[in-house]
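J.: Sequences and hints are given; from them, build the entire structure.
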Amino acid sequence: MKLTSRHLLGLDGMAKEELALILDTAVSFREVLDRPIKKVPPLQGKTVVNLFFESSTRTRISFELAERRLSADVVNFTTAASSVSKGETLKDTARNIEAMKIDMVVIRHAAPGSAHFLTRVVDANVINAGDGTHEHPTQGLLDMYTLREKFGALEGLRVCIVGDITHSRVARSNIYGLTTMGAKVSVCGPATLIPKDIEQLGVKVYHRLDDVIPEVDALNVLRIQLERQKSGLFPSLREYHRFFGVTKEKVSKAPKPITIMHPGPINRDVELSADLADSEHSVILQQVTNGVAIRMAVLYLLGTTN
Amino acid sequence: MKLLLKGGRLVDPVSARDEVVDIHIVDGTIVRIAAGITASTGVKEIDLHGKIVAPGFIDMHVHLREPGYEHKETIETGCASAAAGGFTAVCCMPNTNPAIDDESVARYVHEKGKDVCDGIVDVFPIAAATKGRKGKELSPMAELVQAGAVGFSDDGAPISSPEIMRRALEYSSMYGVPVIQHAEESSMTRDGCMNEGATATRLGMPGIPPIAEELMIARDVILLRYTPKARYHVAHISTRNALDHVRKAKLEGLNVTCEVTPHHFTITEEVVSGFDTNTKMNPPLRTKDDVAAMKEGLRDGTIDVIATDHAPHTIDEKEVEYTTAPFGIVGLETAVGLCLTELVHKKVLTIAQLIQRLSTNPRRLLSLPEIFVKEGAMANITLIDPDVEWTVKTAAFRSKSKNSPFDGFRLKGRAVGIINNGKALFF
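Protein chains in written order, with this note's numbering: chain A, 1 to 306; chain B, 1 to 427.
Each hint should be verified, as a subset may be incorrect.
Said to hold, decoys possible - Subject to a maximum C-alpha distance of 27 Å in a straight line, what follows is the list of computed DSS-like cross-link-like pairs (lysine-lysine):
#, chain 1, residue 1, chain 2, residue 2
1, B, Lys-393, B, Lys-374
2, A, Lys-39, A, Lys-184
3, A, Lys-204, B, Lys-288
4, B, Lys-295, A, Lys-196
5, A, Lys-2, A, Lys-46
6, A, Lys-91, B, Lys-393
7, A, Lys-196, B, Lys-288
8, A, Lys-91, B, Lys-400
9, B, Lys-402, A, Lys-91
10, A, Lys-91, A, Lys-184
11, A, Lys-38, A, Lys-150
12, B, Lys-318, A, Lys-91
13, B, Lys-374, B, Lys-400
As the list claims (entries may be wrong) - Per label pair, the in silico range of CB-to-CB distance:
#, chain 1, residue 1, chain 2, residue 2, range
14, A, Val-75, B, Thr-391, 38 to 46 Å
15, A, Gly-232, B, Arg-225, 27 to 35 Å
16, A, Ile-37, B, Ser-187, 42 to 50 Å
17, A, Ile-61, B, Lys-412, 51 to 59 Å
18, A, Val-288, B, Glu-137, 14 to 22 Å
19, B, Lys-136, A, Gly-232, 23 to 31 Å
20, A, Lys-253, B, Lys-136, 54 to 62 Å
21, A, Pro-235, B, Glu-137, 45 to 53 Å
22, B, Glu-296, A, Arg-120, 31 to 39 Å
Think of the hints as simulated: they come from the structure by calculation, not from any bench. We treat Cβ as the ideally placed atom computed from N, Cα and C, and that holds for glycine.
T.: The structure is reproduced here in structure tokens:
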């Protein structure tokens, strides 16, 4: 069994078997991370470029660690400015870097579809590390991995994603991956931050945490961006915290403990209360560790099969 | 020039004619229409068996980009593209640099059309409705009409202010020239780059809600009711509800007309899934239901005109991230093929009804002289082969730009020649 595509652009449209292959492969890499010597040789001689057009410490470090632990050579290209404002197009930037003979590109970019675009202009394997508000497939996979680790299986698991769904690539990748694996996915957030017709993606929509908390096994809490308030999509952070912030008090009404996830970085006591983030039911740090294993699995599967 | 068009089927909605005849043309004038004319010496005979002879087509919504954006298109390459697509006339939109908002620019564009491509394609400018297309002050409409403008529009941008729109309708009504609205409530479309709905949600793409178009048309209909002598034309209509507003306004007897582009009756938002920027245009591609509504509107006559919104952009401009790519696709060289394939062969329209929407209706609503295919008239003719199957190859376009989502499409039917202003082209 191997992946059908030589790129990882998104979880939308991927088969259940492919997702399971990545998750299963990650299990053995997760074991590697607990060894005293954490380096394995499969990508020796391969060069990976991390092309980051948006600032992201966590995802970039996670990818870089995964690449190094697979013995790849790693080059980082990070720019906060968009390619357009720099005066060079994304196509030119990518082609120039590829001309230096590289094998794989990990791209983070503000525009939806930028990873797809890249596959049309370069020959390297492309891994999407977040394309605007579209997808963040390795985050979706590491969330699925963490849930599977915690609950044993994803089939029938009830997961609610809480927050700004409209602008969340994490939400989308979770929805595609989890629904394909048979989980029951819902979303909860202000009506102005739930995108039109999202029910067609196979999710249930809630606007009150009190309604959703008795119905779920896990909450995946998204970071709320202050600029959404400025563009008129919700009235204030205070109101957001009161009605959509996940707190110990609110989750205490659940019949059994709810597992708490967050893709980070957390706005403590805004979308998630600090005590809950640090509680025994939080798997937020496991997510971070599992992220390295998932990225190793993806890099390994794409980098060694063609 | 002496021509004998042999054995073609003349379909002329203006004179309600539909018959197989021969047409003898001398120096651009039709001298005889009859069956069984034999060619005398020096007459070039064109075999048109199985082909259709129609009054010349006009595309009343194109962007020729000159002056100002000649790297995308020029009046010359735009006219060459129009001719290759079977159009004997085009109306060019004023979003040039400078905008077509004073008589010197209008006259330049109109006259330049006579100097390029042997003058076979007539170029009629649509002038800006407001100075600089800024939506603040009316353009000098009377002078612009004198300089050859046949309509007013700020196309690319809507005329947003209801006060300015009211005054534009009133002022233009003195000259019997329509105000053409790019119907979009801009406060609702900010970063949008595709139709809002299930597909945009799936792709995480900022959406353009259909109601942004519908709201503007609804508002304009209210304004039109208040200024009943004006003529109001909706450019590139694209949603079912927008069309319903036009349908109701027509039933009420208001002077409202509208046009649809071939892409809006052929493809849906789903093609955006591959993030090909040649699927990005404004208004965006809509849903299957909207496409069905466009066909219903064409059939029941709510849609008066088919126009392309030919919007050339270079490969470099389009080969960027989806959200940064400019809106628009070229359309002149695929329009007739798409119309025949999607409308005539699928029995949405008869060939005569199609000709009305590509020739008779647009000329009438722009107050351009009617085309008669009759003895004594100047020949202004488009020749069609309705059955030839061909593959769209954007690389072969005469347009300077190749930004079309239809590359590789198999189409049935196309234009095979045009005759206008004493010139003829066959291809």
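J.: Are the Cα positions of Lys-295(B) and Lys-196(A) separated by 27 Å at most?
T.: Given pair Lys-295(B), Lys-196(A) holds - Cα atoms ~26 Å apart, limit 27 Å.
J.: Is the Cα-Cα distance between Lys-2(A) and Lys-46(A) 27 Å or less?
T.: Satisfied, since the Cα-Cα distance of roughly 19 Å is no more than 27 Å.
J.: Sort out whether Lys-374(B) lies within 27 Å of Lys-393(B), counting only the CA atoms.
T.: Not satisfied, since the Cα-Cα distance of roughly 36 Å exceeds 27 Å.
J.: Holds or violated: Lys-91(A) with Lys-184(A), Cα cutoff 27 Å?
T.: violated, 39 Å
J.: Quickly compare the C-alpha distance for Lys-374(B) and Lys-400(B) to 27 Å and report which way the hint goes.
T.: Given pair Lys-374(B), Lys-400(B) is violated - Cα atoms ~36 Å apart, limit 27 Å.
J.: Given the hint of 51 to 59 Å, check if Ile-61(A) and Lys-412(B) actually sit that far apart at their C-beta atoms.
T.: Because 56 Å falls inside the window, the suggested range holds.
J.: Does Lys-91(A) sit within 27 Å of Lys-318(B), going by the straight-line distance between their CA atoms?
T.: Distance of about 11 Å is within 27 Å: holds.
J.: Just to be careful, I want the Cα atoms of Lys-91(A) and Lys-400(B) compared with a cutoff of 27 Å; is the pair within it?
T.: OK: Lys-91(A) and Lys-400(B) at ~22 Å, within 27 Å.
J.: Taken at face value, is the distance from the CA of Lys-150(A) to the CA of Lys-38(A) at most 27 Å?
T.: holds, 23 Å
J.: Should the hint that Pro-235(A) and Glu-137(B) are 45 to 53 Å apart at their CB atoms be regarded as holding?
T.: Once the Cβ atoms are compared, 38 Å apart, the range 45 to 53 Å for Glu-137(B) and Pro-235(A) is violated.
J.: Starting from Lys-204(A), check that the Cα of Lys-288(B) is at most 27 Å away, please.
T.: Judged against 27 Å, a Cα distance of about 24 Å means the pair holds.
J.: Does the Cβ pair Lys-253(A), Lys-136(B) satisfy 54 to 62 Å?
T.: holds, 57 Å
Checked against the numbered hints above, the structure violates hints 1, 2, 10, 13, 16, 18 and 21; every other hint is satisfied.
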